[in-house]
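Asks: All residue numbers for the sequence shown refer to full-length UniProt numbering, where the first residue is 1 and numbers rise by one.
If you are wondering where the hints come from, they were derived from the structure by calculation, not from laboratory data. Only a predicted model underlies this, so the values are computations on that prediction, with no experimental measurement involved. Be a bit skeptical, because a hint or two may be false.
Stated by the list, open to error - Below, simulated DSS-like cross-link-like pairs (lysine-lysine); rule was C-alpha separation at most 30 Å, straight line: (1) LYS17 - LYS116; (2) LYS26 - LYS74; (3) LYS44 - LYS26.
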Amino acid sequence: MATVTYLVKLKKPSKRKHKAWLHEQKTFVHCLNDCVTRLLNGEKLTSKNVPFPLKSTIKNEAIRRAKKAVSDYKEEVAKSIPVFKANTPISINNQNWDTQFKKGRWYIGFTTSVGKKYLPVHETDWVNTYFPYLTRPNRNFRGTIQLLRRRRNWYVAIPIEISCDIGQLSQNKETQRTTIGIDLGLRHLAVITELESGKRQWFSGKEVGYIRRHFRSLRCSLGKKKAQRAIEQIGNKESRWITDYNRKLAHDIITFCLQFDQPMIQMEQLENIRNTCKTTKQADRTIHSWPVYQLKMFIKQKAAKHHIPVTDIDPYKTSQTCFHCGYVDKRNRYKSKFHCKQCDYACHADLNAAKNIARSTSLAV
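Whole structure, please, built from the sequences with the hints as guidance.
Replies: So this is what it looks like as structure tokens:
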């Protein structure tokens, strides 16, 4: 099960609606920051004692978001007291929005300070596919949406839970899936291959290594000067760069998969990589800091958008097993080279692992 958020663009609103939403967004942000301050002072909040001209449902959403932000700060998940910015989107819960089809097109209706209005949206394949499941009777399928602005345009961010039942897909004889194996690593962040066609693609980790060494060097030089604020800013910048890189990498991986008919992705379950990986101290820094889980989540999210099932495979000895004859020996692999001691099969070690993952039927527990 993966939660995927889609941006749906609203048809250009009238000047009156635009001004009303701008005012409501500004009021919502003031309400959020006021709630944070009062919660830090130990006050208990309800929609009745929050003095802002907002609907009670929107006040309750503001209280929930403020409580989550304060909780993250107290548990040291966030480093500083949260301050919500002017472009913070307005939260609208599942009871106060739905979709409607009339006059040959789709509309979305949500409650704001001016009441509930149904507005036309820019129709896409996604809108035509999912909007029928988000109508008024289907409240269980709807989550909390966000009304947000980008310059003069307004959008609604709609979360959708998408699941791919691997078992049912494999039992369906009419559905022949093309299995694609992905090996995640350090020197090569990802090696992907499809066995039948023999196509493969490599994603080098050289750029990542250079950028991370650059940021580490900056932090070391600033640490000698005790420039704590600058160090934190650099850390935040590096974190944003990594997240952006992982998103682009996941996009490129899914683009590779889409060239095949009915693709299915298989990856190793690497949640315990920190405990199982044995390597040098220099590489340990990368292992312990590179967000492999984040990359896997991005791959799963983007795969769900294209209805590509993703399954986790047991990683046990995938890098030591010969793809050609199945012989298992830790001596088969030496650094990036794989040479089978039994059948003399030779291959790049990461590619051999990706092939084993693609062929594997051993699901992770």
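Asks: The structure should be examined with respect to each hint, and the outcome stated for every one.
Replies: Status of the hints after comparison with the structure:
At most 30 Å may separate the alpha-carbon atoms for a hinted pair to count; LYS17 and LYS116 meet this at roughly 12 Å. With a CA separation close to 26 Å, the supplied pair LYS26 and LYS74 stays within the 30 Å bound. At most 30 Å may separate the alpha-carbon atoms for a hinted pair to count; LYS44 and LYS26 meet this at roughly 23 Å.
In summary, the structure agrees with every hint in the numbered list given earlier.
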